[in-house]
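Chain A is already provided as a structure; the job is to place chain B on it using the hints.
As given, the protein sequences belong to chains A and B, one line each in that order.
Our numbering applies: residue 1 is where the first sequence begins, and numbers increase by one.
Our numbering applies: residue 1 is where the second sequence begins, and numbers increase by one.
I should point out that these hints are in silico values taken from the structure, not numbers from a laboratory.
These numbers were taken from a predicted model, which means no experiment stands behind them.
Be a bit skeptical, because a hint or two may be false.
[To be verified] Which residues of chain B face chain A? A few of them, derived with a C-beta cut under 7 angstroms, are:
{"hint": "1", "residue": "R250"}
{"hint": "2", "residue": "Q263"}
{"hint": "3", "residue": "G264"}
{"hint": "4", "residue": "L265"}
Positions of the beta carbon are idealized from the N, C-alpha and C atoms, including for glycine.
What follows is each chain in one-letter form.
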Amino acid sequence: MHAHRFLNHVIGALAALMLTAGMSVADGGKPAELQRALEDIRRAEQTVQARAVQAVALRSHLRQEGEGLKAEIRDEQRRNGAQPYPGAVQIPRVDYNLRLLQRLNGYLEQIDARLAEFQAVSAGFERHRERIRDELRMLRTLKDADISDLMRQLAAALEEAAARCAAPLVTLPAVQRSTESIRADIAQGR
Amino acid sequence: MSETVDIVKETETAGGFAALDPGELDDLVSPAPDAVRPAEAAAVDVAVPAAAVPPGVAPDEAAAEAAPVDGSATAAPVALKPVEARNRLRRHGRMLAVVCAALLAAGGAAWVVQRHLYPPPGVEHPAPAVSEPVAADLEAVSSSAPAAMDRLEWEAVFREIEAFRHLLFDKRDEILRLQRHYDYGIRELEEEAVRLIKESGCGTLAAALKHPPLELLLQGIQRRQAYRDALGQPLRRLESGAEELLFLQRRASIDLQVLDVAQGLDLQAQHQAIRSALRAHEPTVESLSIRAAGASAPQELLWRRLAEQARQTTFNAEDRVNQSIVAEACAGNLGRLAELTTLSLKGAGCLAESGTQELFLNRVNQLSPLAAQKLAEWPGRWLGLNGLKRLPPETARELFAWPGEWISLNGLSEMAPEAGRYLAGWRGRQVELMGLRRLSALDALLEWEASGGKLFVPGDIRQAIDTLRQAGNAPGRPATGQAR
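Isolated chain A, as found in the complex (with noise of 0.2 angstroms):
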C-alpha cells in the first residue's frame, strides 16, 4: 500500500516536472518575448522608414515642380515688367502659377507635418529599444522582470505607428496661404 502511494506521488511529481519543462521550452520566456518585441520593432520601424522614404521623394519631386512655376512667374514678370500684385494676376500665367503654388504649398506643409511625426515615432521606438535592452538585462542579472507593462506601451506604440503610417500623407489643403504671400516670396528670391 506504501508503494503504491509512493508510486503515485512519484508519478504526479514527474509529470509535474515534464508539462513544467515542456511549456518552458514552448514559450521560450521572457527573453524571447523581448527579443520579439525587438523584432516587431524593428519591422516597424522599417515600415515607418519606408513611408517616410516616399513622402520625402514625393516632396522633393513637388518641390522641384513648385521651383519651376516660380521660374515661370519670373519670366512672365520679366516679359511684363515688375508689377504690384493687382497687376501681376491679371497675366494669366501668373495668377494660374500662384494658384498651383498655393496647392503645392498646402501638400508640402502637410508632409513636412507627417515627416515631423514619422521622427518622433522613430524616437519613440528608440526608446522602447532602450527599454527592452535593459530589461534583457535585467533577466540576465536577476532571472525575473515584470515586462507586462512594457509590453503593454510597445503594442500601443506599434499600433499608434501602424495607424499613422496607413494614414494618407495629404489632403486636400483647407487652409491655404495668399497668393499674394506667395508672390512676395517670389519677388524676394524665395
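Just chain B now, with coordinates in the frame of chain A:
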C-alpha cells in the same frame, strides 16, 4: 523585487553601457551550449545509452538481455511476494511508462510548435502578430493607388488637352500672322498716303477728304487698324483658354502625384472642369468672331500723324523712279529692279509675292527692318543686296530669317557683332561678304561656316577665320566643322 531592479538599472546606467552586444542577447535567449535541454534530458533518462549497447544489437534486444540480470536480482523477493502484489507492481510500472510517454509527447509537440512559431534569430519565420497590422497597413497604402485604367484615362485626358492646346496655338499663330499682315498693310498704305499728301499738297483733313484717292487711303488705314486691333479679342480668348487648360492639367497632374498617399482629393470634379473647359474653349466661328470692331483711331489723329510725316519727307526724282519701278514690279515686270535704290514696303510686298528664283537689288542702299521682314517672305534662292553699305542688327534679324540659299552682301565693309549673331543662326547655304575690311564678328562667321555654310570673304578675313578655327580645335575648345 522592484527596488532591486531599480538599483541594478541605476548601477548599469552609471557604468555607462548603452546597449547589449548581439552575442549577449543570444546568450540570454538561448540556453548555454553545454546545458541539457529538458526534453533532451528526459530522453536521456529513458533511453538505453548507446555506449552500453553492443554493436549490431538492437536496444530492445539489449534490454531483453539485461532483463535476466535484473530478474535474477529480483527473483528472490518476487518469489517471496504474493502474485497479486507482483501484478499490481507490473500494472503501476506500465502506467508509469504510459504517463511518461504521454508527457514526453506533449513536451515534444510543444517544442516543435515553439520552433515553428518563434525560430531562433537568423531563421526565417512568419511576422509576429503585433507586426502584421503594420505590414498590412503598408500593403494597403501601396495598393490604394487608383486602378491602372484610371491612370490611363488621365493620361488620355492630358494628351487630349495637349492636342487641344496645340490646336489653339495653331489658331493663335494664324491670327498673329493675319495681324502682322494687317500691320504691314497699314504701314504700306501710310507710306503711300504720305507720298500722296506730299504730292497733292493737302494741308487739312477736310481737304484730304475731298481728295478721293487720299480719302480711300485713310479709310483703308482705319479699316486695317480696326481689323488688326479687333483680332486681339480672339487672340486673348485663345490664349486664355490655353492657359486655363494648362492650369487644369497641371493641377490634376499635381493631385495625381499625391493621390496614392492622399485623401479627399477632388479629381472627379477636376475632370469635369477639364471637360467643361474643353467645351468652352473650342475655337468655333462664334468664339473667334470679332465683335464691335469699329474704327480704331480717330481720323483726325491719323491725319495729323501722316501730315507730319509728309512734312518731314522729301520726294526727289530718284524717289519717283523708284516708285515707277515698284509699280512695274507689282505689275509683274521685274526687268528694272537693278535700278531700284530704295525698297519701299509696297515694293517689298510685291517682290515677296513674285515667282522668280533670283533677285538682284544691287543698287538698293537702304533697307528698313519692315521691308526686310517682307522680303524675307520671298521663297526664292539667291538674293543680291550688294548695294547695302550697312546692315543694322534689326534689319539683319529680319533678313537672316529668309529661307533662301544664297545671299550676296558684298557691299558691306563691316559686319557688326550684333548683326553677325543673326547670320550665325541663318539656315542658308552660301554667303558672300567680299567687301569686308574689318575683323569683326569673326566668331559668328566661323560659327556659321562651321555649321556647314559656305562663306566667301577676302583673303585677310579668311586667314583670320582659319587662325580662329585652329585655336578653336585646340584642346579644351569645342571642335568645329560639324555638319548642320
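Results for each hint:
no. : hint : verdict
1   : R250 : 6 angstroms, holds
2   : Q263 : 4 angstroms, holds
3   : G264 : 5 angstroms, holds
4   : L265 : 6 angstroms, holds
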